[in-house]
Each structure stands twice: as structure tokens, then as C-alpha cells.
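Residues per chain are reported as follows:
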Amino acid sequence: MYQIHVQGLTKSYRIAERQPGMVGAVKSLFHRTYRDVDALRGIDFDISRGEMVGYIGPNGAGKSTTIKILAGILVPTGGRCVVNGVVPWQSRISYVAQIGVVFGQRTQLWWDLPVVESFELLREIYKVPNNRFKTSLAELVELLDLSPLLDTPVRQLSLGQRVKCDIASALLHEPQILFLDEPTIGLDAVTKASVRGFIKEINRNRDVTVLLTTHDLGDIEALCRRVIVINDGICLSDSSIDELRNQYVHEKHVVIEFGNSPCLESIHQDDVLKSEGTRITFLCTSDISDFVAQMTSRYEIKDITIETPPIERVVTELYESSK
Amino acid sequence: MKAAISLFMKYLAISVRGQMQYRGSFVLYAFGQFFTTGIEVLGIWALFDRFGNLGVWTLAHVAVFYGSVNMAFAVADTFSRGFDSFGSAMVKTGDFDRILLRPRSTVFQIAGQDFPLHRIGRFLQGALVFVYGIVVLDLDWTAIQFCLLLLAFIGMFFFFYGLMIFQATLSFWSTESLEVMNVFVYGGVEACQYPLSIYRDWFRSFFTYVIPLGCVAYFPIVGVLGVDDPLGSGRIFQMLAPLAGIAFFSLSLFCWNFGVRHYTSTGS
Amino acid sequence: MTALALKSYIAVVSTRFRTLLQYRIAAIAGIVTQVFWGLMKLMVFSAFYEVAQNQPPLSFESIVAYVWLGQCLFALFPYNVDPDMRAMFNSGSVAYDMLRPLSLYAYWFSRTLAFRTAPTVLRLVPGLFFAFVVLRLVGLDEWVMPLPPSFVAAFSFFISILLTVALSASIMMLVSISMFWLIDSRGMVNLMAGVVWVLGGMIIPLPLFPDWVQPFLSWQPFRGLCDIPFRIYSGDIAGFEIVGELVFQLAWVAILVLAGVWLMRRAQVKLTVQGG
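Chains as they are written, first to last, in the working numbering: chain S, 9 to 331; chain Z, 299 to 566; chain V, 486 to 761.
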């Protein structure tokens with residue numbers, strides 16, 4: 009039984025076209041022309057309880073649209089979507105009580121209120137019983153190191169502090185599912201690391217299902233075993249990061265440290281990328297185990313490193329190939 | 299229900315505390331409201347001074363109409379500020395998503411956004427004028443008159459609140475269409491400062507049947523004043539007319555829900 | 486210097502125009518509001534005129550002209566502050582303006598003029614069309630805007646309105662300059678709006694106020710905003726009296742401009758001495 013089930017999800021927007029100039033402005037007063045834009049063109053995926061899934065794609069791919077549909081605040085044009093056994097947009101109030109959502113770019117907190125009062129207000133809104141609220145808050149405060157921030161008005165927080173508080177606020181009511189829309193956007197390296205660590209922890213401690221959109225693939229590598237790639241409203245890939253690498257990148261760099269200067273006649277010179285004395289970097293496009301076996305049988309070898317290409321390149325290639 | 303009240307009080311407390319941080323400007327704004335919304339009185343007074351009574355209506359009668367509509371509007375306006383600023387503060391910025399993500403009714407959450415207390419300025423000037431009218435008229439109060447007055451206030455509150463919700467609903471489609479509503483909101487308040495019977499038929503019909511402001515602000519007040527209505531309304535009608543305000547409010551809620559559905563299906 | 490002031494005037498007018506045109510529905514709504522208010526006022530006045538026992542100081546026809554002129558021209562009156570100007574004070578960029586090699590007063594005055602005139606033009610044309618044509622077509626003849634009784638009245642009205650614009654800008658300048666001293670100008674502007682509305686004659690024409698306040702009303706500068714031009718239009722101010730009233734307007738413009746220039750100088754001294 010999947011916790012999130014999405015099948016054939018489509019969404020198209022109707023956009024009024026504006027004509028330029030004064031004449032156009034007057035014209036569109038009486039007659040408007042519309043254009044349909046397909047944001048989602050049939051998305052399928054299933055997510056089980058406790059999974060942590062990355063959802064990536066270039067700008068305008070349909071990430072936010074998907075998150076909004078899953079969060080119950082946008083109605084799709086077609087397809088099925090069942091979360092926790094209910095259709096998100098059909099019973100908004102009971103549904104949103106079970107989920108937590110963080111939009112990294114926008115705060116959910118009250119600008120002028122001290123953080124702790126925002127939390128108090130959320131307790132009231134979500135009708136969280138007092139004792140459960142206390143334990144939940146204590147856990148979050150400790151994990152995120154929030155205690156020095158609690159009495160600060162939200163507007164005085166730095167971006168990193170604000171994002172931490174935002175994430176905490178989305179978890180106060182102990183939701184089973186957490187949607188994170190670009191949670192690390194604009195954060196410095198240290199804050200990013202602590203936010204990632206926290207997400208990991210909360211996923212483990214509370215068995216929270218996490219769906220995370222991001223442009224920072226470091227988030228994905230640090231957090232998600234599974235990653236869904238979409239572009240132009242369709243799924244390009246749904247697999248683990250390693251599979252993704254293997255599937256889409258057929259070349260690897262193999263760095264071999266030879267015991268003595270090797271005689272390389274039997275090796276294609278084209279495959280040598282770099283040669284620094286006894287340390288040579290090869291480009292391997294065929295089966296990697298064959299290649300390594302071949303080398304070890306022929307030469308005395310001190311060390312072998314297989315370098316995988318950075319995930320950024322994999323994803324770029326994937327986006328490009330889908331055009 | 300208990301949870302709702304508790305949350306509402308919390309919203310209220312937060313807003314009030316925020317305003318008390320800037321006590322100086324609160325006093326200034328309240329005074330500004332008192333003054334700018336009160337200057338119309340000078341005009342009314344001057345016209346009565348120059349022309350004498352308007353048929354059955356004396357200055358004191360008009361003072362009661364004027365005072366009651368201003369008081370009721372000030373209260374409704376204070377508690378519906380979230381709807382008044384809805385288009386610019388919620389739809390344009392996308393912050394309405396935040397409201398939708400919370401497990402409470404949208405109307406309730408929007409209502410709790412802000413309570414601008416400086417509007418007490420309008421309330422106070424209305425109350426002052428109202429009291430003047432009541433004192434001069436020296437009415438013999440009966441239970442029915444009290445009842446009518448209460449009904450009038452309830453009717454007006456819901457009517458104005460409904461107007462604000464209508465205005466907010468429009469902004470789901472266009473955030474620049476709001477000024478259209480000013481005719482009904484401020485135009486309505488202004489029109490009802492005088493008894494409806496002095497206006498032309500078409501205007502009166504509009505504010506009775508289309509926008510039922512007359513039903514809440516004129517007919518019951520006529521009953522309170524104990525004047526024979528030049529428009530011929532009877533006691534029963536005066537009692538029932540304020541219900542139009544509640545009906546209007548319900549209609550606005552219905553439209554609001556339609557607007558929310560539109561919003562969630564277009565994601566605009 | 487005048488060239489620069491003129492340039493800034495034109496620049497502000499054209500940007501104001503474009504922003505206002507962007508909000509088409511708002512513009513239409515504005516016109517509807519203005520027409521609605523006009524009709525409502527006329528209904529109130531006609532109710533009072535029907536019961537009038539003595540001859541009122543203005544004929545009903547004059548009232549009709551007065552009301553429609555007020556509805557078409559009210560954007561000229563100094564009841565709000567240019568939001569850009571306020572932003573300039575709030576952000577502190579007012580200091581940059583002071584670095585410019587020209588009279589700050591002239592420069593701001595031209596900006597203020599532009600801020601007042603641009604929206605008026607947008608409202609004037611449809612407003613007059615309604616008051617002259619539409620009302621006649623729908624058969625509400627008694628509320629149709631009358632024409633000025635003579636060419637002299639029409640011409641003097643035109644001159645008087647130009648002075649109204651100058652007067653309005655010079656009043657607004659005083660409010661703007663007060664922002665050098667006041668941290669929050671909104672209270673000041675509210676107060677100003679109230680005073681302008683009553684003493685200018687927008688609530689009701691000044692002659693309708695009780696006779697015993699007339700001596701006071703006739704000397705205050707706000708009269709130059711509606712009372713003088715509108716009554717010149719309707720012919721209630723006629724003949725040699727017109728000259729006197731135009732001089733009255735001009736005199737107040739001169740006084741207020743001089744006061745503004747003086748205050749502006751003090752403000753600049755304050756700013757340079759105290760560093761803002």
C-alpha cells in the first residue's frame with residue numbers, strides 16, 4: 009500500500025494573452041484570447057511510508073504544480089492522486105492537517121510575531137493538544153537548535169534561521185508527510201548541512217515521508233535514495249541516484265597508479281585522458297569490470313580509483329536529451 | 299466552536315498588541331478617522347440650517363440615520379479588514395496558498411488577519427451624532443424599538459461584511475476590479491446617511507432590491523424613530539427587512555466558496 | 486532651470502498617465518464612482534431645494550454645474566500626497582534631490598503639478614461626456630450640466646482653474662515640506678484632506694453655509710479651490726467681481742509659494758546642519 013499514489017496526473021493552465029500597445033489594451037478589454045499551457049502531461053509515481061524522495065527538474069518543469077496538487081491547494085485537470093487514502097483537494101481541511109509544507113522562498117510564519125508565538129498560533133490552528141505540542145516543540149527546538157531564536161520576531165531572523173523555523177513550524181502538528189519546496193535555496197554551506205541533517209533525522213525519528221524539490225543536487229545526494237526527474241510535465245526518470253548515473257552516463261574515469269611506467273601499446277591512446285608519470289587517467293566507455301580485470305592481469309598496479317561524473321552533469325544531460 | 303473562539307481571540311490579541319507597539323500612530327490615525335469621516339456632518343448641518351426640515355425628517359432624525367450607519371460600518375470595517383486588503387495582500391502575493399494549507403476555514407482565517415482599531419474614530423463620531431439625535435428626539439422607548447435598533451445593527455453589520463467578502467471574491471478574477479466595489483461600500487454608507495425616502499425611485503429600488511442596504515439601514519431605523527414612513531412600510535416589514543443583510547451575507551459566502559474553487563482550479 | 490522643471494513635469498505626467506492607463510478597470514470604476522457620487526449629491530440637493538422656503542443663495546442650476554465640476558476636477562485638489570514623494574522621504578533619497586543644481590522648490594512644484602493634473606485629464610473627458618450628453622439622452626434634463634452664461638464667464642473660469650491648480654500645488658508643497666519635520670506625514674495629510682474638503686467647498690458649496698460664518702469663509706485660501714472657479718463658471722460671480730476673485734486666488738498662490746520657499750530653505754539648512 010503506497011502512501012502517495014499519483015497516476016496520469018495532468019494540469020493545464022489557461023492564460024490570457026495580452027496584446028501590446030494602447031490599441032491592444034483597448035481590444036483586450038472587449039475580447040480576450042486564451043492559450044492553454046500544459047504544466048503536467050501525465051505524471052506517475054508511488055511513494056511508500058517513510059521514503060525520502062527527491063523531485064527535480066529545470067525551472068518550469070512542473071515541480072511546484074505537482075507539490076501544490078499533492079498539498080491539496082490546486083486541482084489537477086486529469087489523472088488520479090491519492091495521499092493517505094484521500095484525494096487531497098476533496099477534503100481540504102481534514103487533509104492539510106495531516107501534511108506539512110515548506111516553501112523555501114516564502115515564510116509561513118507571522119512576520120511581526122516572535123517565533124514562539126507563531127508556533128503557539130499554529131498549535132491553536134492545528135488544534136494540537138498541549139502535551140503533544142510540548143514534546144513535539146521540545147524535540148524540534150533541540151534538533152534545530154532553535155532555543156536562542158524563539159523570542160525573536162520573524163522579521164529579524166536571517167534567512168537560514170527563518171528557514172529552520174519554517175521547517176519546524178511545518179512539523180509541529182506531527183504530520184506524516186512533509187513536502188519541501190526548495191528548502192535550501194539561498195542558504196550558506198553550513199546552514200545547508202544542518203538543514204539536511206535535520207531533515208534526515210526527522211525522517212528517521214518520526215518515520216515522516218518526505219518529498220523534496222530542489223535545484224541543489226547536493227540536497228538529493230545527501231538525503232534521497234530515490235530521485236524523480238521531470239521536465240516539461242513528464243517523468244524522465246524514477247530511480248536511485250546510482251542507477252540514474254549508470255543509466256544515463258556510460259562513461260567513467262578510471263585513475264590507475266601503476267607500480268612502474270607501463271607499456272601502453274595495447275591500450276588505445278584515445279582512451280587516455282591524462283598521463284602524469286605512473287598515474288594515468290583513462291576514459292572507460294565499455295564495461296568497467298572487464299577493463300579493470302584486463303589492466304590488473306597485465307600490469308602491476310598500486311591503486312585504482314573510479315571517478316563517477318558529478319550528478320550535475322548527469323542531470324544536465326538528462327534535461328538536454330529530453331528536449 | 300470553542301476552539302474557533304479561542305483562535306479568534308488569539309488573532310485579535312496579536313493584532314491589538316501589534317498596534318499598541320505604535321501607540322502614537324494609533325492615536326493619530328484614530329483622530330484622522332474621526333475627523334475625515336466626520337466632516338460630512340458639517341454639510342448635513344449646514345443644509346438643515348439653511349433649508350429647514352426635509353418633509354417629515356428633521357436634523358435629529360438624519361443624525362440617527364447617519365450615526366447608526368457609521369457605527370455599524372465602522373465595526374464591520376474593523377472586523378473585515380482581511381477581506382478588504384485580500385486582493386493585494388493575499389492573491390497578488392500568492393499568500394493565499396498559506397491560508398489554504400491550514401486546516402481551518404478560509405473565511406475564518408482571512409477575518410483574523412487584521413483588526414485596524416483606529417477605525418474607532420469613525421465609530422466615535424457616528425456614536426456622537428447618534429446620541430445627539432436620540433437626545434434631541436427624546437423618544438419613548440419601547441421593547442419593539444430596542445429590538446428594531448438591534449436588528450438594524452445586526453443587519454448592517456452582516457450586510458457590510460458581506461460586501462467586503464464580495465469585494466475580496468472579485469479579486470480571485472482580477473485584482474484591479476476592486477474600486478468598483480467602492481460605489482457600493484462607501485457610496486452606500488454615504489447614501490444611507492440620509493433617509494432613503496429622499497432619493498429618486500430608481501436609486502431607492504437599487505438600494506433596496508439589488509443591494510439591500512435600505513433594508514438594513516432605513517426601514518428598521520424608521521421604526522425606531524416612530525415616524526410614519528413616507529415610503530409606507532409597516533412594522534412587520536421593518537422587523538423582517540434586516541434579515542436581508544443576513545441573506546446577503548450568506549450569498550457572499552456562497553460566492554466566496556465559488557471563488558476559492560476557481561482559485562484552486564486555476565492556481566492564479 | 487525652468488527647462489529642467491518643465492522636463493521633469495513632462496516626465497512625471499507621462500509616467501503617471503501610463504500607470505493610470507494600465508489599470509483600465511480601475512479607471513472605469515473611478516468614472517462610475519464619480520458619476521454615482523454626483524447623482525447622489527444632486528438628489529440630496531434637489532430634496533432640499535424642493536422644500537426651500539426662502540430663496541437659496543445659489544440657483545439649482547448653479548448647484549448642478551457646481552456638483553459636476555467638482556466630480557470632474559476633484560483630482561486637482563490637494564487631498565493626497567504623491568506616493569513617490571513620500572517614498573523619497575522614507576528612503577532618505579531626498580538628499581540626492583538636494584544635490585541637484587536647481588531650486589528644489591521649483592523642481593518639486595513641477596512634480597506636484599504633474600501629479601495633480603495627469604489623473605484629472607483621464608476623468609475630465611468621460612465625466613463631462615456623462616454630465617453634458619448621457620444625462621440628456623436618458624432624460625434627466627434637470628441634472629444636465631449647464632454651459633457658462635457668457636464667453637467672459639467661460640474664459641475667466643479657465644483662468645481661474647489654472648490658478649486653482651497653482652494654488653493646489655502650493656498647498657501640497659507645504660504638506661510635502663512638512664515631511665522634513667514629521668516622521669509620519671499621513672496624519673497631516675488626513676487633516677489637510679478634511680480641511681480642503683470642507684473649506685474648499687467640496688462637501689457643499691460655501692454660500693450654503695450659514696450666513697454668520699460667511700465672513701470667515703470668504704477670506705481663507707481654500708476658497709480658491711472650488712468655490713471661486715465653479716461660481717465663475719455658473720455666472721454667480723460676474724462682471725468686475727471676477728477680477729477681484731482672480732486677484733484673490735493669485736494673492737494666495739503668491740503667499741503660499743513664498744511661505745513654501747522660505748520653509749524649504751529652513752528645511753535644507755536643518756538638514757545640512759543636523760545631517761538629517
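Mixed in with the good hints there might be a few duds.
Here are the simulated lysine-lysine pairs, BS3-like style, with alpha carbons at most 30 Å apart [as the list claims (entries may be wrong)]: (1) 260(S) - 282(S); (2) 308(Z) - 135(S); (3) 142(S) - 390(Z); (4) 142(S) - 308(Z); (5) 200(S) - 282(S); (6) 135(S) - 300(Z); (7) 390(Z) - 308(Z).
Short derived list, chain V residues pointing at chain Z, Cβ under 8 Å [what the hints assert, rightly or not]: (8) 529; (9) 581; (10) 675; (11) 683.
I should point out that these hints are in silico values taken from the structure, not numbers from a laboratory. Because the structure is a prediction, the values reported are computed rather than measured. All C-beta atoms in this analysis are idealised placements derived from N, C-alpha and C, irrespective of residue type, glycine included.
Ascending list of hint numbers which this structure does not respect: 3, 5 and 9
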